[in-house]
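> The lines below spell out each chain.
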Amino acid sequence: QKEVEQDPGPLSVPEGAIVSLNCTYSNSAFQYFMWYRQYSRKGPELLMYTYSSGNKEDGRFTAQVDKSSKYISLFIRDSQPSDSATYLCAMSPNSGGSNYKLTFGKGTLLTVNP
Amino acid sequence: GAGVSQTPSNKVTEKGKYVELRCDPISGHTALYWYRQSLGQGPEFLIYFQGTGAADDSGLPNDRFFAVRPEGSVSTLKIQRTERGDSAVYLCASSLTAGQGANYGYTFGSGTRLTVV
Numbered sequence: 001q002k003e004v005e006q007d008p009g010p011l012s013v014p015e016g017a018i019v020s021l022n023c024t025y026s027n028s029a030f031q032y033f034m035w036y037r038q039y040s041r042k043g044p045e046l047l048m049y050t051y052s053s054g055n056k057e058d059g060r061f062t063a064q065v066d067k068s069s070k071y072i073s074l075f076i077r078d079s080q081p082s083d084s085a086t087y088l089c090a091m092s093p094n095s096g097g098s099n100y101k102l103t104f105g106k107g108t109l110l111t112v113n114p
Numbered sequence: 001g002a003g004v005s006q007t008p009s010n011k012v013t014e015k016g017k018y019v020e021l022r023c024d025p026i027s028g029h030t031a032l033y034w035y036r037q038s039l040g041q042g043p044e045f046l047i048y049f050q051g052t053g054a055a056d057d058s059g060l061p062n063d064r065f066f067a068v069r070p071e072g073s074v075s076t077l078k079i080q081r082t083e084r085g086d087s088a089v090y091l092c093a094s095s096l097t098a099g100q101g102a103n104y105g106y107t108f109g110s111g112t113r114l115t116v117v
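If you read the sequences in order, they're chains A and B. All residue numbers for the first sequence refer to the numbering used here, where the first residue is 1 and numbers rise by one. All residue numbers for the second sequence refer to the numbering used here, where the first residue is 1 and numbers rise by one.
Simulated from the structure, these hints should not be mistaken for laboratory data. Quick caveat, the model's predicted, so the values are computed rather than measured. Watch out, some of these pointers could steer you wrong.
Unchecked claim - Taking lysine-lysine pairs in the DSS-like style, the calculated list, with each CA pair at most 27 Å apart, reads: (1) B/Lys15 / B/Lys78; (2) A/Lys56 / A/Lys101; (3) A/Lys2 / A/Lys101; (4) A/Lys70 / A/Lys101; (5) B/Lys78 / B/Lys11; (6) A/Lys42 / B/Lys11; (7) A/Lys56 / A/Lys67; (8) A/Lys2 / A/Lys67; (9) A/Lys2 / A/Lys106; (10) A/Lys42 / B/Lys78; (11) B/Lys78 / A/Lys56; (12) B/Lys17 / A/Lys2; (13) A/Lys67 / A/Lys42; (14) A/Lys70 / A/Lys56; (15) B/Lys78 / A/Lys101; (16) B/Lys15 / A/Lys42.
To be verified - Label-pair ranges, simulated between beta-carbon atoms: (17) B/Val12 / A/Ser53: 41 to 47 Å; (18) A/Ser98 / B/Ser38: 18 to 24 Å; (19) B/Pro61 / A/Ser20: 33 to 39 Å; (20) B/Thr115 / A/Gly9: 33 to 39 Å; (21) A/Asp58 / B/Thr30: 25 to 31 Å; (22) A/Gln80 / B/Thr115: 29 to 35 Å; (23) B/Ala55 / A/Lys2: 23 to 29 Å; (24) B/Gly53 / A/Asn94: 30 to 36 Å; (25) B/Ser38 / A/Pro14: 30 to 36 Å; (26) A/Arg60 / B/Arg22: 34 to 40 Å; (27) B/Arg84 / A/Gln80: 36 to 42 Å.
Beta carbons are placed, not taken as given, at the ideal position from N, Cα and C, and that holds for glycine.
Could you build all of it, start to finish, from the sequences and the hints given here?
Take a look at the structure:
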């Protein structure tokens with residue numbers, strides 16, 4: 001079993017839909033939780049990060065972390081064609097001196113159709 | 001520069017050859033990371049530099065892989081005796097400091113797409 005599991009999709013939705021993306025993880029040492037967006041042939045770019053449990057909102061994006069269930073989610077409201085990309089979850093621990101080391105999910109390919 | 005620059009953007013090499021991949025981080029960023037992204041997978045950690053030294057090279061798959069950062073800025077990832085399984089996108093990222101996880105923002109380059117034929 002991989003440390004971080006993410007359904008690769010693909011996921012196709014109509015413009016304006018609410019998109020829900022999620023990851024599960026097994027390493028209880030993970031404390032930092034991130035979502036990256038990766039366009040084709042580009043590097044990942046950080047969308048949102050959350051420390052420990054809770055919710056965080058930024059515009060149309062909401063990140064949720066449930067540490068008790070080892071489950072994280074990213075919600076995209078009013079999805080736009082420009083949101084079409086691969087979404088990667090990533091995590092890192094807060095201790096042991098290795099908090100710089102990100103463990104990524106496989107990524108979910110999202111297409112928003114106009 | 002404004003972002004992390006990686007060259008070349010594409011590299012095709014024959015099995016058994018030696019390759020070098022270059023990363024030019026954001027000016028002033030002391031921490032530099034290499035990740036490898038195979039087709040359909042998320043990036044996997046290879047090595048982390050703090051300044052000139054490799055602080056953690058635990059992700060390098062074997063001794064054919066080596067990386068340097070002699071002046072604490074540009075880094076080169078070197079792969080000897082390339083194998084077809086080395087084909088992947090090699091991503092470089094930098095950050096101001098190693099910091100807490102990625103909350104200070106790792107900036108990734110666009111990667112070098114390596115194809116071993």
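> Check the hint pairing B/Lys15 with A/Lys42 against an upper bound of 27 Å on the C-alpha distance.
OK: B/Lys15 and A/Lys42 at ~26 Å, within 27 Å.
> Just to be careful, I want the Cα atoms of A/Lys56 and A/Lys101 compared with a cutoff of 27 Å; is the pair within it?
holds, 22 Å
> For the range 23 to 29 Å, tell me whether the beta carbons of B/Ala55 and A/Lys2 fit it or not.
holds, 25 Å
> Quickly compare the C-alpha distance for B/Lys78 and B/Lys11 to 27 Å and report which way the hint goes.
Roughly 13 Å between the alpha carbons, so the hint for B/Lys78 and B/Lys11 holds.
> What's the verdict on B/Lys17 and A/Lys2, does the C-alpha distance respect the 27 Å limit or exceed it?
violated, 32 Å
> Holds or violated: the 18 to 24 Å window for the beta-carbon distance between A/Ser98 and B/Ser38?
Since the Cβ atoms of A/Ser98 and B/Ser38 sit about 22 Å apart, the hinted range of 18 to 24 Å holds.
> So if I understand the rule, the pair passes when the alpha-carbon distance is 27 Å or less; does A/Lys2 with A/Lys67 pass?
holds, 17 Å
> Check whether the Cα positions of A/Lys70 and A/Lys56 lie no farther apart than 27 Å.
holds, 17 Å
> Determine whether the Cβ-Cβ distance between A/Arg60 and B/Arg22 falls within the hinted range of 34 to 40 Å.
Holds - the Cβ-Cβ distance for A/Arg60 and B/Arg22, about 37 Å, lies within 34 to 40 Å.
> Between B/Lys78 and A/Lys56, does the CA-CA distance stay at or below 27 Å?
Given that 27 Å is the threshold and the Cα spacing comes to 40 Å, the pair is violated.
> For the pair supplied as a hint, A/Lys67 and A/Lys42, is the alpha-carbon distance within the 27 Å limit?
violated, 31 Å
> Tell me if the straight-line CA distance from A/Lys42 to B/Lys11 falls inside 27 Å.
holds, 16 Å
Of the numbered hints given earlier, the model fails hints 11, 12, 13, 20, 24; all others are met.
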